[in-house]
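S.K.: Could you put the whole structure together from the sequences, leaning on the hints where they help?
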Amino acid sequence: MTSITKPPVRHPGLRRNSIGLTARDYEGAMSTLCAGCGHDSVTAAIIQAAWELALPPHRVAKMSGIGCSSKTTAYFMKQAHGFNSVHGRMPSVASGANAANRELHYIGISGDGDSLSIGLGQLCHAIRRNVNLLYVIENNGVYGLTKGQFSASSDVGSKSKRGEPNVQPPIDPVQLALTLGATFVARSFSGDKAQLVPILKAAFEHTGLALVDVISPCVTFNDHDGSTKSYRYTREHTVELTSVDLVPLRREIGVPGGDEAVVSVTMHDGDVVRFRRTEDGYDPTDREQAIAHVRACQHRGEVATGILFIDESGHDMHEVNGTVAGALAELPFEALCPGSASLAELMAEFR
Amino acid sequence: MDCQYACPAHTNVPEYLRLIAQGRHDDSYLLNRESNVFPGILGRTCDRPCEPACRRGRVDGKPVAICRLKRVAADLRDDITDRLPVAPAVKNGKRVALVGCGPSSLTVANDLMPLGYDCVILEKLDRSGGLMRVNIPAFRLPASVLDEEIGYVLDMGVDIRYNTPVTSMKALLAEGYDAVYVGSGAPKGKELDIPGRDDPAIADRIHIGIDWLKSVHFGHIEKIESRVLIIGVGNTAMDCCRTSRRVGATDVKVIARRSRPYFKASPWELEDAEEEQVEIVENHVPKRFVIEGGQLKGMEFDVVRWTDQPGGRQKSDVLDTVVIPCDAVILAIGQDNAFPWIERDAGIAFDQWDVPVVDRATHMSSRAGVFFGGDAAFGPANIIWAVEHGHQAAISIHQYCQGLPVTDRPAFGMNLLSAKMGMHSWSYSNDYNPSPRAKMTHEELVKRFSDVAVEVELGFSPEQTAREVQRCLNCDIQTDFTAALCIECDACVDVCPVNCLTITKDGDEADLRGRLSAPAANLSQELYVSGALPQTRRVMVKDEDVCLHCGLCAERCPTAAWDMRKFELEIPYAFAAAGAAAHG
Ligand SMILES: Cc1cc2nc3c(=O)[nH]c(=O)nc-3n(C[C@H](O)[C@H](O)[C@H](O)COP(=O)(O)OP(=O)(O)OC[C@H]3O[C@@H](n4cnc5c(N)ncnc54)[C@H](O)[C@@H]3O)c2cc1C
Ligand SMILES: Cc1ncc(C[n+]2csc(CCOP(=O)(O)OP(=O)(O)O)c2C)c(N)n1
Ligand code: SF4
Ligand code: SF4
Ligand code: SF4
Ligand SMILES: [Mg+2]
Numbered sequence: 002m003t004s005i006t007k008p009p010v011r012h013p014g015l016r017r018n019s020i021g022l023t024a025r026d027y028e029g030a031m032s033t034l035c036a037g038c039g040h041d042s043v044t045a046a047i048i049q050a051a052w053e054l055a056l057p058p059h060r061v062a063k064m065s066g067i068g069c070s071s072k073t074t075a076y077f078m079k080q081a082h083g084f085n086s087v088h089g090r091m092p093s094v095a096s097g098a099n100a101a102n103r104e105l106h107y108i109g110i111s112g113d114g115d116s117l118s119i120g121l122g123q124l125c126h127a128i129r130r131n132v133n134l135l136y137v138i139e140n141n142g143v144y145g146l147t148k149g150q151f152s153a154s155s156d157v158g159s160k161s162k163r164g165e166p167n168v169q170p171p172i173d174p175v176q177l178a179l180t181l182g183a184t185f186v187a188r189s190f191s192g193d194k195a196q197l198v199p200i201l202k203a204a205f206e207h208t209g210l211a212l213v214d215v216i217s218p219c220v221t222f223n224d225h226d227g228s229t230k231s232y233r234y235t236r237e238h239t240v241e242l243t244s245v246d247l248v249p250l251r252r253e254i255g256v257p258g259g260d261e262a263v264v265s266v267t268m269h270d271g272d273v274v275r276f277r278r279t280e281d282g283y284d285p286t287d288r289e290q291a292i293a294h295v296r297a298c299q300h301r302g303e304v305a306t307g308i309l310f311i312d313e314s315g316h317d318m319h320e321v322n323g324t325v326a327g328a329l330a331e332l333p334f335e336a337l338c339p340g341s342a343s344l345a346e347l348m349a350e351f352r
Numbered sequence: 019m020d021c022q023y024a025c026p027a028h029t030n031v032p033e034y035l036r037l038i039a040q041g042r043h044d045d046s047y048l049l050n051r052e053s054n055v056f057p058g059i060l061g062r063t064c065d066r067p068c069e070p071a072c073r074r075g076r077v078d079g080k081p082v083a084i085c086r087l088k089r090v091a092a093d094l095r096d097d098i099t100d101r102l103p104v105a106p107a108v109k110n111g112k113r114v115a116l117v118g119c120g121p122s123s124l125t126v127a128n129d130l131m132p133l134g135y136d137c138v139i140l141e142k143l144d145r146s147g148g149l150m151r152v153n154i155p156a157f158r159l160p161a162s163v164l165d166e167e168i169g170y171v172l173d174m175g176v177d178i179r180y181n182t183p184v185t186s187m188k189a190l191l192a193e194g195y196d197a198v199y200v201g202s203g204a205p206k207g208k209e210l211d212i213p214g215r216d217d218p219a220i221a222d223r224i225h226i227g228i229d230w231l232k233s234v235h236f237g238h239i240e241k242i243e244s245r246v247l248i249i250g251v252g253n254t255a256m257d258c259c260r261t262s263r264r265v266g267a268t269d270v271k272v273i274a275r276r277s278r279p280y281f282k283a284s285p286w287e288l289e290d291a292e293e294e295q296v297e298i299v300e301n302h303v304p305k306r307f308v309i310e311g312g313q314l315k316g317m318e319f320d321v322v323r324w325t326d327q328p329g330g331r332q333k334s335d336v337l338d339t340v341v342i343p344c345d346a347v348i349l350a351i352g353q354d355n356a357f358p359w360i361e362r363d364a365g366i367a368f369d370q371w372d373v374p375v376v377d378r379a380t381h382m383s384s385r386a387g388v389f390f391g392g393d394a395a396f397g398p399a400n401i402i403w404a405v406e407h408g409h410q411a412a413i414s415i416h417q418y419c420q421g422l423p424v425t426d427r428p429a430f431g432m433n434l435l436s437a438k439m440g441m442h443s444w445s446y447s448n449d450y451n452p453s454p455r456a457k458m459t460h461e462e463l464v465k466r467f468s469d470v471a472v473e474v475e476l477g478f479s480p481e482q483t484a485r486e487v488q489r490c491l492n493c494d495i496q497t498d499f500t501a502a503l504c505i506e507c508d509a510c511v512d513v514c515p516v517n518c519l520t521i522t523k524d525g526d527e528a529d530l531r532g533r534l535s536a537p538a539a540n541l542s543q544e545l546y547v548s549g550a551l552p553q554t555r556r557v558m559v560k561d562e563d564v565c566l567h568c569g570l571c572a573e574r575c576p577t578a579a580w581d582m583r584k585f586e587l588e589i590p591y592a593f594a595a596a597g598a599a600a601h602g
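Chains as they are written, first to last, in the numbering used here: chain Z, 2 to 352; chain U, 19 to 602.
The calculated lysine-lysine pairs, modelled on DSBU-like cross-linking and capped at a C-alpha distance of 30 Å, are:
hint: 1; chain 1: U; residue 1: Lys188; chain 2: U; residue 2: Lys112
hint: 2; chain 1: U; residue 1: Lys315; chain 2: U; residue 2: Lys206
hint: 3; chain 1: U; residue 1: Lys282; chain 2: U; residue 2: Lys80
hint: 4; chain 1: U; residue 1: Lys584; chain 2: Z; residue 2: Lys7
hint: 5; chain 1: U; residue 1: Lys208; chain 2: U; residue 2: Lys232
hint: 6; chain 1: U; residue 1: Lys271; chain 2: U; residue 2: Lys333
hint: 7; chain 1: U; residue 1: Lys241; chain 2: U; residue 2: Lys465
hint: 8; chain 1: U; residue 1: Lys142; chain 2: U; residue 2: Lys188
hint: 9; chain 1: Z; residue 1: Lys148; chain 2: Z; residue 2: Lys160
hint: 10; chain 1: U; residue 1: Lys208; chain 2: U; residue 2: Lys271
hint: 11; chain 1: U; residue 1: Lys438; chain 2: Z; residue 2: Lys7
hint: 12; chain 1: U; residue 1: Lys80; chain 2: U; residue 2: Lys584
hint: 13; chain 1: U; residue 1: Lys457; chain 2: Z; residue 2: Lys7
hint: 14; chain 1: U; residue 1: Lys142; chain 2: U; residue 2: Lys206
hint: 15; chain 1: U; residue 1: Lys282; chain 2: U; residue 2: Lys206
hint: 16; chain 1: U; residue 1: Lys142; chain 2: U; residue 2: Lys232
hint: 17; chain 1: Z; residue 1: Lys148; chain 2: U; residue 2: Lys438
hint: 18; chain 1: Z; residue 1: Lys7; chain 2: U; residue 2: Lys523
hint: 19; chain 1: U; residue 1: Lys80; chain 2: Z; residue 2: Lys7
hint: 20; chain 1: Z; residue 1: Lys162; chain 2: U; residue 2: Lys438
hint: 21; chain 1: U; residue 1: Lys271; chain 2: U; residue 2: Lys315
In silico negatives: residues of chain Z with every beta carbon more than 12 Å from chain U:
hint: 22; residue: Asn18
hint: 23; residue: Ser19
hint: 24; residue: Leu22
hint: 25; residue: Ala98
hint: 26; residue: Ile119
hint: 27; residue: Arg129
hint: 28; residue: Gly149
hint: 29; residue: Asp156
hint: 30; residue: Val168
hint: 31; residue: Met268
hint: 32; residue: Glu289
hint: 33; residue: Glu335
hint: 34; residue: Ser343
Worth flagging that the hints you see were computed from the coordinates, not collected in a lab.
Quick caveat, the model's predicted, so the values are computed rather than measured.
Yeah, the Cβ is synthetic: ideal placement off N, Cα and C, and Gly gets one too.
M.R.: See below:
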């Protein structure tokens, strides 16, 4: 065999979800990333989360920009819609798509270069607009696709493969999102699916922009000693602030009583996300505390993980703008295009 | 390796399939021959214990057609006679007597001749092969195939004496052989003692299966009446019913005491019989022969229902009694060992069932220097077991003749060699072929029934062969894990198409089985658990059950913690010593 493909055969005992699919039905094309790339594990976690939620894959839209991370939308849910946009422009394209058809599940995949360097402004405005979108940053501290230059998330002092230290201060997407008013902010690690999968599930269910920063080591250009985004460094410096126990199905709204450490948040559609606090007194519904805590962790050289902030009272782009209820594509032609008389009426309002 | 382990002679299945895939039929044939001695014969008739064990069956429901691919290697081989073992010019001076010329004695001779032994085979009949020739009908196993493969053994210079029944063990022992091997089979068909059996009026209408088949083989019987009942549902019954169809019977029923899951015949034999319009009747227990006016009219049966009893046994309740009309009956309810020619005071101990006491590993009886193998040792089995007994007995005989303890047995060896050739390149074809199992083409019915010697199975076409060999999952190419190299990136876990791999906290096996990527319900397949992984001290767990050996885990591993390595079992044979002696 000259290049690898994953054979169509599956484990005979593989479980099916409520819409009759196995996790393998959520796969896409075979990855062309480097063997061992963290991004492939994130892909696997997305597959697992979507399978567990029984999302119909053809009702999902995958949006991305440019980078190894951005390539990964090809590697899951081959039945889904997709748009692979220009470098750093995924948020705009996702906003447009979401404006036109609010009924799909949107998942944007980006990199630290794509979102924190060239696309930083785009990210900020998508957060402000609160586009209903699961926004995953596969954060490896480098531009992987262009061979490992430091990106804007690189920590001061982190060494390149050739031994040079980074001198510019990093942009932390979590702190950025918290200060910009994001309503769902989380961080996880590609090497910890037990944590990542429930976070992705909760993020999928969140209405509004759910930012998930995933430390996802670049095994080729940033997994050496001296890097602060390697597998080993991340494992040694991770501090879990909250652990998401489970995302119950829609009917199971009940919350266990009596357990002091459990915080529950009811999502828009009635789902309940339950947290188990692992850090004393950490409250993931308190934005100020979250900012302070994450910053303090950063000062100590720790990587704060878990669902760090959640606010289900926010309003997404459609609610704020009072748009029509359904997808534009499903509106009757007369409603979508009411004719020149209606246009003239509208124009008159602005005169 | 499941197939190799299940094969009594431990034939290296995946390797011989790969050799066929490469068109190296000679090499494939010889590799087979090393362990099973009769690839052409077994490629048509083997009981194939390997196939139920084949992993492919657990992946897509149907095992690789291992047995019939063996026939492909045999059919397509070139002349290989110059690559066969030969007896040395200078003999070692030891003489061994072998009683019977069935597959087990032939295997002993095959293994001992290259060492310089003088092997003398004493055979009652005027021909070689034992039950393989006189009982297995020619439509399953042509005489030419037997002649050729038995010839390879006898042509080493075996002293074969036909028409020489051994009538006294004591007399044989007195002839001063260095060792005696009893490979005389289990020659006595079991009787059915029910009313009417002894009525002389119908004696010519009731046959004992193995004797009847033998008579057909020798041409003593050329016809049977039109309505025939076969009692019993084992191998012999299958050959009897199908042979009946070829010598005049038009209405053949096989009568079984139990229901299908408990039949001794293999599913494929039942299929072949049903294809020949044989009816299989379940849950009928024979009661008596119905004789009217001195003529056989039929047989009476209790129709029963079996129910499970505590303790695993089953009990039967009679639901009804029926008479099935017939003109002839063939009894095929099993065979017994019989040794009328072994005097009970010859120093060979017999047990309470009057069969000789034989050691399972060494095949030696209680009398030093007298060995038993094949059906004669532990009752009727099959050809491949007869061969394996022959190999083991040959080792014992060689030890014994050198004055070494027979319990000192040479050890198995093994080899493990990386199969990596380069980027995405392995020394085997790791692509998964999704084709379903190849279906054997059969001769059309009219032609089949015209002559007992018309072979039914026509063999695989080249296209079928090419696909079928690729269905093999190369289970000898093992996934080999080095925990110290793993960075726990999950790439292998994520890529595995059949969810074999899990990285998780360590635990005992039962606990681990409950938290793997996919259910690990097959307890006969081991879990492989690594040592603690460097970064998190978790462990890598592999459930071997449905691994495709596709190598994707090794391809996606950035650190080569996974490697694919070819496992090779080095099986000790008596004849292996010959190489050293001949070249030394
Ligand atoms: C009808 C039938 C169908 C079968 N089909 C299959 C099949 O498809 N596949 C399979 O694997 N197995 C099959 N078997 C079983 C298989 O044939 C035997 O298990 C196998 O042949 C046993 O080999 P053996 O060497 O122990 O003895 P045998 O093959 O029984 O050979 C014993 C030889 O010893 C000779 N002999 C016996 N007593 C004496 C004596 N006192 N002196 C001299 N010679 C003597 C006999 O004439 C015979 O030639 C079948 C058996 C039967 C009855
Ligand atoms: C407009 C534009 N500028 C620059 C590039 C070159 N370029 C391609 S990928 C990339 C960086 C990608 O980094 P990141 O988003 O972190 O993805 P990674 O490969 O690390 O996953 C750059 C700068 C480009 N393709 N387009
Ligand atoms: S270069 Fe780095 S980020 Fe890109 S595929 Fe390879 S390991 Fe992944
Ligand atoms: S070889 Fe590796 S990837 Fe392939 S099935 Fe086996 S464990 Fe899975
Ligand atoms: S791919 Fe290799 S390094 Fe990665 S988890 Fe598997 S064995 Fe370990
Ligand atoms: Mg990057």
